[in-house]
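Participant: Combine both chains into one complex, guided by the hints.
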Amino acid sequence: MASVIKLREDWDPDKHSSGLNPNTVCVSRIRRDLSSLLKDPLSGILVIPDQDDITKMNVLVTGPCETPYEKGFFHFFMRMPYNYPIHPPRVKFLTTGAGSVRFNPNLYANGKVCLSILGTWSGPGWTPAQNVTSVVLSIQSLMCEKPYHNEPGYEFERNKDDVRNYNIVIYHETLRVGVCDVLEGKHPLPPNMIDVVSDSFIDFYDYYMAKIDELMVYQGKPFRDPHGFNRGTFNFIHIRERMGKIFKSIQKKNAKAKEVIVIDD
Amino acid sequence: MANNDAADFDVKIIKWNVVAFWKWIASEEECGICRFEFEACCPDCRLPGESCPMAEGKCHHYFHLHCIQKWIKNVQSKRKCPLCRQDWSYVEDSSEIVL
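Protein chains in written order, with this note's numbering: chain A, 1 to 265; chain B, 1 to 99.
Note that these hints are calculated values from the structure, not bench results.
Keep in mind the model is a prediction, meaning the values are calculated, not measured.
Take these hints with a grain of salt, some might be off.
As the list claims (entries may be wrong) - To be clear about the criterion: a stretch of chain A counts as covered by chain B if any three or more of its residues have a C-beta under 8 Å from a C-beta of chain B, and this derived list gives those stretches:
hint, segment
1, 24-33
2, 117-129
Said to hold, decoys possible - Beta-carbon label-pair distances, calculated as ranges:
hint, chain 1, residue 1, chain 2, residue 2, range
3, A, 157, B, 51, 56 to 62 Å
4, B, 92, A, 188, 54 to 60 Å
5, A, 198, B, 90, 33 to 39 Å
6, B, 51, A, 51, 31 to 37 Å
7, B, 11, A, 41, 34 to 40 Å
8, B, 84, A, 232, 44 to 50 Å
9, A, 99, B, 84, 37 to 43 Å
10, A, 40, B, 50, 33 to 39 Å
11, B, 47, A, 35, 19 to 25 Å
Beta carbons are placed, not taken as given, at the ideal position from N, Cα and C, and that holds for glycine.
Okay, chain B solo, but in the shape it has when bound (with noise of 0.2 Å):
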């Protein structure tokens, strides 16, 4: 090896593992419905991510996509926001995951 150069440090990349972290953006740390964190999925499901997003109303509340589903389908929920009360509407594209 050249005394010149060390820069030229010889190494040689034989594996690498990427380690990347994601976090649903909301103001509550866990769902109010089921009380589990965002970044864990609804009990009803086994993966967290896509296939069990978190939803926004547009009081700004936030629950698993399931959760709010099955207390909006439910009568007595009369459609309003199980934390304010207010009249449940999801805010759209509350679905995107940020890397």
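Same shape as in the complex, but just chain A (with noise of 0.2 Å):
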């Protein structure tokens, strides 16, 4: 039998905090999760804790291989509740180009994160095992090969070419708003979070632009997302024109950075 799931409405770490203090249990168990994510780091992703108030990190998710999120930069908040891990982290998706790009059914243009171990999606819920390892896998895991079928009644394929169309929509929008805004600075990342930004889009550049060359025959149509959530025209030869300009720079700015380094020997 179904039973009637109440899904949470507090889910933003923003909007709502208890204003209570950490408890030790708290404190101690975000410290346990932090250093068992040293000791065993996960594959594409970043967790910087804030440095006045560990209940706060910033986490940096790139895009995995062979989707249509391949090496973009996906930046989320997350807050523990004074009383983890008894309940869930509240976590919020920013890289949404300012509330316009809904990169996924279950990760809406408003950051909201539907996930149902954070309470906001049916199905499991939070067990206080789990911890922030798993919690960010679960995210990075909703960034999948053919994200169409993640939203409710569309296991299926319902017209003929649905998932490669969603996926182009993903492919230009990961592109666009997953890397070019995020390296122009349109999108605020914490400051040390922009450094390894760079550094990556410089090893991924070559990617950038085959990925590019390859998606060039969309070029002037306009999106075709089976779900309705994001409207537009495939623009990829600005793209590939903002990547351009975007790579002399951090060039130009590692060349200073090593005239520095030669005159401070």
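Facilitator: Rendered as structure tokens:
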């Protein structure tokens, strides 16, 4: 029998906080979570706790290979409640092009992350055996090969090419918002994340160019998002221009940094 | 001292220290909720041992008694084990300390 599941409304870490100080269990458990993450780092995931408040952390998920999110930079803000781990953290997705892009049926443009363990989706709920690692892994797993199917009722492709059409929109938005906007500073990142993202961008540059070439056939065509979430026109030419500029400016910065080192010697 | 009685070694015991080692018998090393070892106490307690015992569920998962109590009394737990999500019930007499 299907029971009525009450999804939490107070998911937003910016708007909801008990105002209570974290208890000793909460703080010691967060430390444990973070030290186990340091011991066994997760590939493509960076978790940086706030220097002044350990209950707040910034998470950077690099889009997994072989998915339309590949090599995009996705920023999340996570906040532990005062009674963690009895209650789950609150998580907000921030790489949304200022609330204009819905990157996944479960990643809303307003930042809501729909995951059953966070209490924002139906299914197996939170248990205190979960930790920071399991939460960020669940988030990363939303960024899958065929995100079209994440929407309930879309377990099968309803119309021919729906999966492909949705993926192309996600590829485009990943390159436009998850790479260009992030690197251009349109989306504010914590300072220690900016360096990581700039270094990765240089490493990933050849991939970006190859992907743009592959998708250039869609240039000028309108988005065909089968879920109707995202509207727009494919403009890979513009993305390529932006990336070229970003590449040059990072190289310039790196060259300057080298000069400084030489002078220091 | 007589030469023919080697066993009669003259040792006088002034003081002795007994060292005992105790351990909770569990299939896991640490509490699945607070992630501290069972031989340490839960984060709310100061002294390990009988005052902060370990609890075993019928599903054979182990937690500090204080940690699992906190979870179970929370409505959202639906009285399920945090590890396997089966209905939680205590194995009786799981709080046995073995020396």
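Participant: Hint by hint, work out which the structure violates, then give me just those numbers in ascending order.
Facilitator: As far as the earlier hints go, 5 and 7 are violated by this structure, in ascending order.
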